[in-house]
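Engineer: Sequence:
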Amino acid sequence: MNKFMELKWLEDFVCVAQQGHFARAADARRITQSALSRRVKSLEEWVGVTLLDRTQHPIRLTAAGREFYGAAQDIIRQSYDARSTSEELTQGIRDAVTVSSLHTLALYFVPSMLAELQRKLGPFEVSVVAETRTVDEYLVALAENRSDFFVSYSRGGLSAAADSGAFESKLIGRDQIRPFIHNNAPDLDLDARRGLPIPYLAYSGTTLMSQLVRGIISNAPFQNRLNVRYRASLAESIRTAASFGMGLCWLPDSTFAWRGETNKLRLIESRWQTEVSIRIYKSRNNLRPIVQAIWDSLETL
1 MNKFMELKWL
11 EDFVCVAQQG
21 HFARAADARR
31 ITQSALSRRV
41 KSLEEWVGVT
51 LLDRTQHPIR
61 LTAAGREFYG
71 AAQDIIRQSY
81 DARSTSEELT
91 QGIRDAVTVS
101 SLHTLALYFV
111 PSMLAELQRK
121 LGPFEVSVVA
131 ETRTVDEYLV
141 ALAENRSDFF
151 VSYSRGGLSA
161 AADSGAFESK
171 LIGRDQIRPF
181 IHNNAPDLDL
191 DARRGLPIPY
201 LAYSGTTLMS
211 QLVRGIISNA
221 PFQNRLNVRY
231 RASLAESIRT
241 AASFGMGLCW
251 LPDSTFAWRG
261 ETNKLRLIES
271 RWQTEVSIRI
281 YKSRNNLRPI
291 VQAIWDSLET
301 L
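In my numbering, the protein residues as written are 1 to 301.
The reader is advised that the hints may include incorrect statements.
[Stated by the list, open to error] FRET-style restraints, in silico, Cβ to Cβ:
#	residue 1	residue 2	range
1	Ser79	Thr300	28 to 34 Å
2	Ala96	Arg66	39 to 45 Å
3	Asn227	Arg38	47 to 53 Å
4	Asp189	Gly165	42 to 48 Å
Just so you know, these hints were derived from the structure itself, not from any lab. Idealized CB from N, CA, C, for every residue including glycine.
Take these sequences, add in the hints, and give me the full structure.
Structural biologist: This is the structure we're talking about:
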């Protein structure tokens with residue numbers, strides 16, 4: 001028998017007990033179902049008794065499991081309380097936070113949000129991480145406490161993990177994603193099914209911006225006329241290509257707030273645009289005082 005017990009085994013066991021289902025608990029814990037099952041089995045071997053009745057649907061606690069459940073919750077809570085207390089002993093650790101963000105939002109929206117928070121709370125050290133990652137990768141960083149917050153555009157079905165109960169979120173802003181083209185380009189009728197090919201600047205397939213724009217144009221009459229001339233993962237790169245006259249693109253209005261003007265681009269007035277929400281996410285297990293102070297100070301729209 002393993003002589004050592006890991007805290008994550010207790011968290012896994014409590015999650016299964018609360019969800020009543022291994023698959024849902026695995027989603028909430030951001031691990032595979034087989035890994036979760038192995039870890040719960042390891043805990044049962046360490047305790048020496050069966051804690052879950054797997055013959056029941058939903059899964060139920062055994063008599064020993066009901067007795068152990070409260071103790072497991074106490075151990076988890078005490079562990080995080082002890083960690084929070086230790087963090088408070090060091091000012092630098094207590095006041096340093098990490099905010100992960102979509103790159104587009106990190107240019108203007110996130111700095112403006114943080115400036116307002118520092119006016120409310122006083123100075124605190126913050127690191128902004130804006131890398132080309134998937135939404136799920138950002139959420140894993142939250143779950144593992146490698147990041148304190150994640151700022152993202154939000155839409156229906158953003159991520160199964162985002163709705164798993166492991167995270168909480170607040171609506172903190174809105175943005176518009178609309179079509180733009182170079183000022184000198186000829187007019188485009190985006191309601192015309194037929195016509196000349198349209199040079200198009202596309203987002204890379206794995207990015208959230210790519211998903212959002214695909215949602216806008218998926219049923220558009222001009223879709224078959226689009227001729228991809230340029231592809232990039234960052235809205236700023238797409239915008240720069242458009243400013244050189246390379247083609248039609250969809251951009252968030254926040255990119256113009258950053259630059260202060262539309263420069264060489266003009267908006268194409270059409271129905272092929274969308275409003276998106278901006279949400280901030282944090283792990284429910286992140287109990288650091290500075291994180292909670294920031295969370296409480298965020299104004300929900």
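Engineer: Hint by hint, note whether the structure agrees.
Structural biologist: Hints versus structure:
1. Ser79 / Thr300: 28 to 34 Å: This hint holds: roughly 30 Å between Cβ atoms.
2. Ala96 / Arg66: 39 to 45 Å: holds, 41 Å
3. Asn227 / Arg38: 47 to 53 Å: holds, 51 Å
4. Asp189 / Gly165: 42 to 48 Å: For Asp189 and Gly165 the Cβ distance comes to about 47 Å; the hint holds.
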